[in-house]
Amino acid sequence: MHIPDGYLSPATCGIFYVVMVPIWTMASKIAQKTLKARQVPLLAIGAAFSFVIMMFNVPIPGGSTGHAVGGVLIAILLGPWAACIAITVALVVQALLFGDGGITAIGANCFNMAFVLPFVGYYTYRLISGSSSSTSNRRVIAAAIAAYLGINCAALAAGIEFGIQPSLFHTANGQALYCPYSLNIAVPAMLGEHLLIFGWIEVIVTALVVKYFQKQDSILQKGEEL
Amino acid sequence: MTLIKKLWIGIGVLILLSPIGLILPDWFKAGAAWGEWGAEEMQELVGYIPQGLEKLSSLWNAPLPDYAFQGWEERGLAHLSIAYIFSAVVGIAVTVGIVFAIGKFLVRRED
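First to last, the sequence lines map onto chains A and B. Under the numbering used here, the first residue of the first sequence is numbered 1, with each subsequent residue one higher. Under the numbering used here, the first residue of the second sequence is numbered 1001, with each subsequent residue one higher.
Don't read these hints as lab results, they were simulated from the structure. Among the clues, some could well be false.
In silico DSBU-like cross-links for lysine-lysine, where the CA-CA straight-line distance does not exceed 30 Å [as the list claims (entries may be wrong)]:
hint, chain 1, residue 1, chain 2, residue 2
1, A, 211, A, 36
2, B, 1006, A, 211
3, B, 1005, A, 36
4, A, 33, B, 1055
Okay, the calculated beta carbon distance ranges per label pair [claimed, not checked]:
hint, chain 1, residue 1, chain 2, residue 2, range
5, B, 1090, A, 172, 44 to 50 Å
6, A, 36, B, 1062, 30 to 36 Å
7, A, 197, B, 1043, 52 to 58 Å
8, A, 36, B, 1005, 45 to 51 Å
9, B, 1041, A, 36, 23 to 29 Å
10, B, 1093, A, 22, 26 to 32 Å
11, A, 32, B, 1010, 27 to 33 Å
12, B, 1027, A, 133, 41 to 47 Å
13, B, 1043, A, 133, 53 to 59 Å
In this text, a Cβ means the ideal position worked out from N, Cα and C, and glycines have one as well.
Generate the whole structure from the sequences, applying the supplied hints.
Laid out in structure tokens, this is it:
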């Protein structure tokens, strides 16, 4: 889901940077208000987790690859704003040091994976878990559904960003300037592979770690998210 | 052992296991992620390289492209796995460093 340089027009990239600036500003303001010194290591672990889990490429035999993001898990444990910060840092490092995701597309990639994904995941988790006890199975199920919805909404967003390119930006003879696949191909491709395969990796990872945290001296139990 | 320590160990284990994310796609002959093809692959897929894409795709030269050393594209999986683990260590060290710096900058002094 790491959109490389050249797949989105400079205008599209610019818009997503403009959209992300207030989100990043809000995230740092909220973190400033609520982040406690002893939560910083957990935030760092969250960013490290997101970074490394994105390296686990899962193949579709003979086809493409994809991966989990781990971002819904961070949102459940530390809140969506903290998750936004952690995933943003991981994505920026991936783009700058490893060329994974374009530098022009950092805004769009952060919108998909550091904003849509943790926020959809977080509010789905809150809605489904309701007032259930912090160690209930309902919370694990809520986390699983949240993970599935979060990553698929992010994939849908990426599919739309890819898919609007050819009709907006093309040469006089109709050749695409950037991503050549339109919405009717890009959205089913991005969403389909995440609905069928990669989304389930996010589900498994999220549910397992939430279950693990339920058994530990739990951050979930204290409800100390940002 | 504190929970934080256990989680760091978990991250370490994931780093060591990360080449799975390199080896499995190779075994199952899977290509690039959708929408992450290089210019030559694009030529094969649609018969041309979109002009804007061609111009922008070489905009940035990452020091460790695709989690490997520059010029290691033709190396075998064993070499690439070592580069992958090295990349994970470097990437996570930088990521963690930045988060701690942000934390230091943002955190409340009381408590």
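Going down the list of hints, with the structure as the test:
1. Among the hinted pairs, residue 211 of chain A with residue 36 of chain A is consistent with the structure: their alpha-carbon atoms are about 24 Å apart, no more than 30 Å.
2. With a C-alpha separation of about 15 Å, the suggested pairing of residue 1006 of chain B with residue 211 of chain A holds against the 30 Å cut-off.
3. The hinted pair formed by residue 1005 of chain B and residue 36 of chain A meets the criterion: a straight-line CA distance of about 18 Å does not exceed 30 Å.
4. For the proposed pair residue 33 of chain A and residue 1055 of chain B, the alpha carbon gap of about 43 Å is over 30 Å, so the pair is violated.
5. With their beta carbons about 45 Å apart, residue 1090 of chain B and residue 172 of chain A fall inside the hinted range of 44 to 50 Å.
6. For the hinted restraint 30 to 36 Å between residue 36 of chain A and residue 1062 of chain B, the CB-CB distance of approximately 35 Å keeps it satisfied.
7. For the hinted restraint 52 to 58 Å between residue 197 of chain A and residue 1043 of chain B, the CB-CB distance of approximately 27 Å leaves it violated.
8. A hinted range of 45 to 51 Å for the beta carbons of residue 36 of chain A and residue 1005 of chain B is inconsistent with their spacing of about 19 Å.
9. With their beta carbons about 47 Å apart, residue 1041 of chain B and residue 36 of chain A fall outside the hinted range of 23 to 29 Å.
10. Under the hint 26 to 32 Å, the C-beta atoms of residue 1093 of chain B and residue 22 of chain A, about 30 Å apart, fit the expected range.
11. Take residue 32 of chain A and residue 1010 of chain B: their Cβ atoms lie about 28 Å apart, and the range 27 to 33 Å holds.
12. In this structure the supplied range 41 to 47 Å holds for residue 1027 of chain B paired with residue 133 of chain A, their Cβ-Cβ distance being about 43 Å.
13. Between residue 1043 of chain B and residue 133 of chain A the beta carbons are some 57 Å apart, a value that agrees with the proposed interval 53 to 59 Å.
Hints 4, 7, 8 and 9 from the list above are not met by this structure, while the remaining hints are.
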